[in-house]
Amino acid sequence: MKKIYLDHNATTPVDPRVLAAMQPYFSEVFGNPSSIHAFGREAKEALERARGRIAHLLGAREREVCFTGSGTEADNMAIKGVAHSYRNKGDHLITTQIEHHAVLASCGYLEKEGFRVTYLPVDGTGRVNPDDVRKAITDHTILITIMHANNEVGTIQPIPEIGRIAREHGVLFHTDAGQSAGKLPILVDELNVDLLSLSGHKIYAPKGVGALYIRKGTKITPLIHGGHHEHGRRAGTENLASLVGLGKAAEIAETERAEESERLTQLRDALHKKITDRIERVFLNGHPTQRIASTLNLSFAAVEGESIILSLDMEGIAVASGSACTSGSLESSHVLNAMGIIPELPPRSVRFSLGRTNTLEDIETVSEVLPPIIERLRAMSPLT
Amino acid sequence: MYSEKVMDHFQHPRNVGQLPDADGIGEMGNPVCGDIMKLYIKVRDDRIQDVKFQTFGCGAAIATSSMMTELVMGKTLDEAERVTRKNVAEALDGLPPNKMHCSNLAADALHKAIEDYRTKNAPPA
Ligand SMILES: Cc1ncc(COP(=O)(O)O)c(C=O)c1O
Ligand SMILES: [Zn+2]
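Which chain is which? The protein sequence lines are A and B, in order. Start counting the first sequence at 1; every next residue gets the next number (the numbering used here). Start counting the second sequence at 1; every next residue gets the next number (the numbering used here).
Any given hint could turn out to be false.
Said to hold, decoys possible - Covered by chain A, per the in silico footprint, the following chain B stretches (three or more residues, Cβ under 8 Å):
#1 9–15
#2 21–27
#3 47–56
#4 80–87
It should be emphasised that the hints constitute simulated quantities derived from the structure, not laboratory data. Where is the CB? At the ideal position from N, CA and C, for every residue including glycine.
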């Protein structure tokens, strides 16, 4: 049975070109980038080349790119780092109800420290209204943090507009680009952001690396103290091979993004059409057009998400669910809840997320395998 | 994460469906995760002569529903009432800890169905 992976928003395989670029940096070029001898200098050069590629992807200066140990760490660093540096200016942060837990939990932590956080609502498509952002700003607001694209439903936020509002009011603006890097342009001067997080393993680089863009002049209290790595912003000997991989992944993302997004949009819309042609009462979660190419989040009336995932898994097809009962979490999806999907029922959904591994043949297979699964589960359901 | 037994009952659930002439019906929603189960019993001489279920829920909810029907089929009402969620979980070779709450559903729906039968068949006061 050919396995089909449709969970690229969760993680992506390391691209073979990325792996090839990393290969020499384990045993051949292994120096500590902080060492001054030839071994160290060679490592340092590779590290800085990787930084240059991230900077290029962002339209930023190299010095403004700080490597981290994950997308989660970049989010934590941006939010706690700004809060702790600007505490004398104010104690208020603005975010949304649909952020990744890396952002929500960082904000929650700051609330325990005495900061105040506004969690803005979203509309039924998952979009924040920029006017709501404007109205939420007070004299005490020090940071706005709003994700670029949502991981569950793929909705894209009006980041440039929110950035303009933030700037008018002199408030720092962070965006979590974990799901948009490699899928949308993320030029920081077009997005009007002061801080931007990204994660390696969402763009075909290894897990356990990420980066935080920090606009020149923005003060960030470090999370991790130690040596003078990353200009004193993040201590710890750099994860050289993986960061070289991140650099290569950024380069590939930049050159192939436009074409790949077009290809994925076509595949995704073909999948959506085939499913709705063959199955009745299927509902799209997320914005119909302002949505990243990878993501198709659907609810199937009267059927729960995990039961669909398990059934597809038995057919070798990997998808994800925003269902209440999904292993590891008892909470229903905070994203679908905020969007007000199916208010009388806990939101149930299935996320198909496409990527480089997928072909039209995969889409055909999934759209053939899915209808009998839904039919079987509906026949078993007490709901209509 | 699920045992082979759970997956077997998920894939081939026993006694799925409705009983149009049911003597007792129990419907339960799980307040934690929103799973919903409906259980139908046919009672003859105080014994569960037939039982069927419909479940909207995760793999654990479907498997526990199915296993519950197997455990109580043919039992007297008193015996059936003594079947606990723990019995069901054990019969399935265990459930992941974060899924134990899903097994409440089947036990609660069964108790409700028996109660429904008893109220309907209570001797006139
Ligand atoms: C939007 C978003 N932000 C942050 C993260 C966290 O990234 P990482 O897995 O590298 O910690 C993810 C991935 O789960 C994500 O989708
Ligand atoms: Zn459940």
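Going down the list of hints, with the structure as the test:
1. 9–15: Result for this restraint: holds, n = 3.
2. 21–27: violated (count 1)
3. 47–56: holds (count 3)
4. 80–87: Our answer is that it is violated, as 0 residues pass the Cβ test (under 8 Å) against chain A, missing three.
When the structure is compared with the earlier hints, violations turn up for hints 2, 4 and for no others.
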